[in-house]
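As given, the protein sequences belong to chains Z and F, one line each in that order.
This note's numbering puts the first residue of the first sequence at 1, with every later residue one more than the last.
This note's numbering puts the first residue of the second sequence at 1, with every later residue one more than the last.
Quick caveat, the hints were computed from the structure, so don't treat them as lab data.
Any given hint could turn out to be false.
Identical chains share a label here; the pair holds if one copy fits it or two copies do between them.
Here are the simulated DSSO-like pairs of lysine-lysine, each with C-alpha atoms no more than 30 Å apart in a straight line [claimed, not checked]:
id	residue 1	residue 2
1	Lys324	Lys28
2	Lys21	Lys269
3	Lys328	Lys21
4	Lys109	Lys269
5	Lys328	Lys227
There are 2 protein chains.
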Amino acid sequence: MARSDYDVVGIGNAIVDVLAKTDDAFLKGNRLAKDAMTLIDAERAHLLYTAMNPGIECSGGSAANTMVGVASLGGRAGYIGKVCADQLGEIFRHDIRAAGVTFATPAAKSGPPTARCLIFVTPDAHRTMQTYLGACVELGPDDVHERTIEAAEIVYLEGYLWDKPAAKEAFRKAMRIAHAAGRKVALTLSDPFCVDRHRAEFRELADQHVDILFANEAEIAALYQVKTFDAAVVELRAGKSNRIAALTRSAQGSVVVDNGQTYAVPAEKVERVIDTTGAGDLFAAGFLWALAQGRPLDMCGRIGGIAAAEVISHFGARPEIALKDLVKTKLG
Amino acid sequence: MARSDYDVVGIGNAIVDVLAKTDDAFLKGNRLAKDAMTLIDAERAHLLYTAMNPGIECSGGSAANTMVGVASLGGRAGYIGKVCADQLGEIFRHDIRAAGVTFATPAAKSGPPTARCLIFVTPDAHRTMQTYLGACVELGPDDVHERTIEAAEIVYLEGYLWDKPAAKEAFRKAMRIAHAAGRKVALTLSDPFCVDRHRAEFRELADQHVDILFANEAEIAALYQVKTFDAAVVELRAGKSNRIAALTRSAQGSVVVDNGQTYAVPAEKVERVIDTTGAGDLFAAGFLWALAQGRPLDMCGRIGGIAAAEVISHFGARPEIALKDLVKTKLG
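So that you can see chain Z by itself, here it is in the shape it has in the complex:
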């Protein structure tokens, strides 16, 4: 196999987050599904933004957060995603590049603006996300360059991509190229509602095509339509052999399921959980980076946990300190 240029290349929806505090009455009054990520159109986005409290903007996007995490760990990370040639697109591009991630996908010159996710933060620190995908619908197979995918140890795909037909084609193309080049394909199920939208296809992906599967308890239960975590693990074992599943369980840490083996990894200690957004994204970052370094699976889970613990100890879904140094301190 050729030498790799990247530890991980992520493909996902390139999104700028708009965060504002609100209360539960606002969620009810606007019929927002609490804690979920809901897709909205331009008109609804405009209406909701008009009603929203003053906000702050920061770059987001699930796979983009993960790639920033890989770079923060000292890994070689690349990203493929579509912004528009507008100010929010410039902000997205600046932030991900400034974090050390290679990002060369050309911006759409026309069409819908850069995607934004309106995030309503309630006093219980929960987040309700309303996403207008905007320019993300323009991401297509042409944005997936063969040489980039071939040059990555692992290609990491966001389940959210499945929400738009051209992005789904981009996803399938990346998977084909990676496998033809002998590379690994990782998928995150993204969100239980996303799993509900695409269950049959996600199950086929998880059980037949994907080499590394990320999910939390709600997502894996939604995938196999089972009620308990243990039942989900039984279903997982019946699927693709040689597939690693890394399952996150919040305060209970993570469970890594491999051929016949199961590793339970306790959660990292966190002084005070401030904001759980990005926990899954950063767990994936730590896990994938460690895997690309050839670390054993329980250590991959451990490093995923360290990265996740950092991101939930402050507001925002991207690390505030160099994860490389943090891992060194924690693991000696």
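We have chain Z already, so just place chain F on it with the hints.
Just chain F now, kept in the frame of chain Z:
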């Protein structure tokens, strides 16, 4: 005098802040004057932004922050300032309106983009500001509507406006209208470097035209080119009679100088100072709101101090809680 529609109308540079952490080596390497607000052109802004760490965006602008503070106190606030019809302009407009401030200045349809201030935060929590004024240069006398100014108890002007000729004309027009209508004119000196740029004119304004003057110790010393605070107060007394000067002294609280009277107001207690940005803006908000309610001057200083204490206890230059409630709690 006609009934007023506003307690205060502020006129200032409409700016979106871009904040990123950095270190002192970066400031030195890029020859940035630490703690100062420096004006930069589009090219320099592009270069600095490219070199800047990943950031977050939030609405700013000195007088805009003050008007948000007035609204948060339950006051009737209006704002005049120029954004471009672009995404950052929409963000600025959304945030100030969502905070309860009337803002109707039309966006520039073409020309430079909405202003941004690149804010470099060093580990000592100090901020170094590099401002690209962009669309602010388009603010002119036509944006100052006679009826709006006549309808405000106080018009509040930012010293920073003096940096651009058309904005300066807008400033002078607002002052003329306000005085002709028997209203009060307030001015903040903004920044010691801004005072250095416009000393002669600022001194004329302060000593002959302005009814309420805001300054911190560095600004008032720069205005009168004196070395001590007491010497500045002596100079102030020699100026316009019937002019109120509200001088902020950080941890030493504030001093209000009126015809022959001086009121020293101790600072509010703050658990932990997180970020001093916006302290002056919010002091002015509390002071002006209280003055418009007809409160005595020492109480105006006290309420200014309460508003300032809130804003320095967290990141960002706009209040995070309703100042109205906070003042009620503090004053009973």
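A quick look at each hint next to the structure:
When the C-alpha separation of Lys324 and Lys28 is checked against a cutoff of 30 Å, the pair qualifies only between copies, where the shortest distance is 26 Å, while the shortest distance within a copy is 42 Å. Both within a single protomer and between protomers do Lys21 and Lys269 lie at most 30 Å apart by alpha-carbon distance, with minima of 27 Å and 26 Å respectively. Taking the closest pair of Cα atoms, Lys328 and Lys21 come within 30 Å of each other only across two copies (22 Å); inside a single copy the shortest separation is 35 Å, beyond that limit. In this assembly of identical chains, Lys109 and Lys269 lie within 30 Å of each other by CA distance neither inside one copy nor across copies; the values are 46 Å within and 52 Å between.
Taking CA atoms no more than 30 Å apart as the test, Lys328 paired with Lys227 passes in neither setting, with 38 Å inside one copy and 51 Å between copies.
Checked against the numbered hints given earlier, the structure breaks hints 4, 5 and satisfies all the rest.
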